[in-house]
Amino acid sequence: DTGVSQDPRHKITKRGQNVTFRCDPISEHNRLYWYRQTLGQGPEFLTYFQNEAQLEKSRLLSDRFSAERPKGSFSTLEIQRTEQGDSAMYLCASSRPGQLIPEQFFGPGTRLTVL
Amino acid sequence: GEDVEQSLFLSVREGDSSVINCTYTDSSSTYLYWYKQEPGAGLQLLTYIFSNMDMKQDQRLTVLLNKKDKHLSLRIADTQTGDSAIYFCAESHQAGTALIFGKGTTLSVSS
Numbered sequence: 001d002t003g004v005s006q007d008p009r010h011k012i013t014k015r016g017q018n019v020t021f022r023c024d025p026i027s028e029h030n031r032l033y034w035y036r037q038t039l040g041q042g043p044e045f046l047t048y049f050q051n052e053a054q055l056e057k058s059r060l061l062s063d064r065f066s067a068e069r070p071k072g073s074f075s076t077l078e079i080q081r082t083e084q085g086d087s088a089m090y091l092c093a094s095s096r097p098g099q100l101i102p103e104q105f106f107g108p109g110t111r112l113t114v115l
Numbered sequence: 001g002e003d004v005e006q007s008l009f010l011s012v013r014e015g016d017s018s019v020i021n022c023t024y025t026d027s028s029s030t031y032l033y034w035y036k037q038e039p040g041a042g043l044q045l046l047t048y049i050f051s052n053m054d055m056k057q058d059q060r061l062t063v064l065l066n067k068k069d070k071h072l073s074l075r076i077a078d079t080q081t082g083d084s085a086i087y088f089c090a091e092s093h094q095a096g097t098a099l100i101f102g103k104g105t106t107l108s109v110s111s
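Protein chains in written order, with my numbering: chain Y, 1 to 115; chain G, 1 to 111.
Please note that a few of the clues may not be correct.
Claimed, not checked - Capping the alpha-carbon separation at 35 Å, the derived lysine-lysine pairs in DSBU-like fashion look like this:
no., chain 1, residue 1, chain 2, residue 2
1, G, Lys67, Y, Lys57
2, G, Lys56, Y, Lys71
3, G, Lys56, G, Lys70
4, Y, Lys71, Y, Lys11
5, G, Lys56, Y, Lys57
6, G, Lys56, G, Lys36
7, G, Lys103, Y, Lys14
Honestly, the hints are just simulated from the structure, not real lab data.
So here's chain G without its partners, still in its complex pose (with noise of 0.2 Å):
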């Protein structure tokens, strides 16, 4: 069935950039996502990648989508202790279908 895989954890310090990796088992993924969630506070997107598309930049967020391998990461760079939040990686076959998430990954960032 379709799995997704994340490491749990990750600590930086405050500047550094942070690498958060996920791997995917359903090679029909067509969107492949990141939301992050806060204490408190609903799940948020964060960014998106096509399934045809290699890399994506928005500001301080690159997602590397490796499809061969079913492999997708996201970079945080200068990281800031306001990043600290679970990151989780989705992917659904279609825009507006059920989203499949990983157990996500819990950011910590040190000042």
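So here's chain Y without its partners, still in its complex pose (with noise of 0.2 Å):
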């Protein structure tokens, strides 16, 4: 399978407790989004890389939120002290700058449940 892939696809765990999220992109793809989407919402943009570099943080980012790309590759996306709130799917995608079509290409999800 050559799209993008998210691990693990569900993660249910208790308030307070630390998780991570992983991405892997198509291969090739030097651009990685990381979104949240909340029931009944659009796609809420979090961050995105270009390879290895953070390039744009939105505000939703808390400081609980943090990203990495080392690599330039996959990426994790780590939330600590998880609160109720941030029960969602978490979206990653990833294109490559000078396609043809200026598509970004959406992995599965991620649907955290914190209780």
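Got two chains here, separate frames each, mind docking them using the hints?
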């Protein structure tokens, strides 16, 4: 499968615990994006990378959130001290500048439930 | 700030045309997109339009852009039950940057 993959697909955690999600972009895509989608809402942008550089962060990305892409390939999103309001679907997408169609390819998402 | 608004629900009969509307506030939006989300599936790009275009047609899909009113619409001709999904309008300043999405329009197609 050459699409964007995310792991795990589902995560249930207790409030106060830390969680980490992984995203593997389409190979040769040098841009990688994280979005969050809550029920009944559209995806909300969190942050994006070009290679290993984090180029933009949304104000939604509080101090408890951190994203990395150390080698410019896969990325991790960590949430520390989770809160019930963090329950959402976390979506990852990737793109390649210069492609004919300005498309971001989305993964299936990681659904986080904080109890 | 940037905002994208959509009507939340649309119900049509199979074979009819569907029109989903969207308004946006950021006049510097360069690209406008329509994404489709089906239950259990990821977001899929349906079509996009550059801000210097008025219309784009792609098979059963027609996108109309009124830049003056910041209004975007997606028309689906001969709507099928397989078109039932949530449709998101989105905008970005340049290709490869953050997408700003609307809340999505749930399209229900009855046979």
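These are the hints, each one checked on the structure:
1. G:Lys67 <-> Y:Lys57: The hint holds at about 28 Å.
2. G:Lys56 <-> Y:Lys71: Roughly 39 Å separates the two Cα atoms, so the pair is violated.
3. G:Lys56 <-> G:Lys70: holds, 16 Å
4. Y:Lys71 <-> Y:Lys11: This hinted pair holds, its Cα atoms lying about 25 Å apart.
5. G:Lys56 <-> Y:Lys57: Status holds; Cα separation ~32 Å.
6. G:Lys56 <-> G:Lys36: Cα-Cα ~17 Å, so holds.
7. G:Lys103 <-> Y:Lys14: holds, 28 Å
Hint 2 from the earlier list is the only one contradicted by this structure; the remaining hints agree with it.
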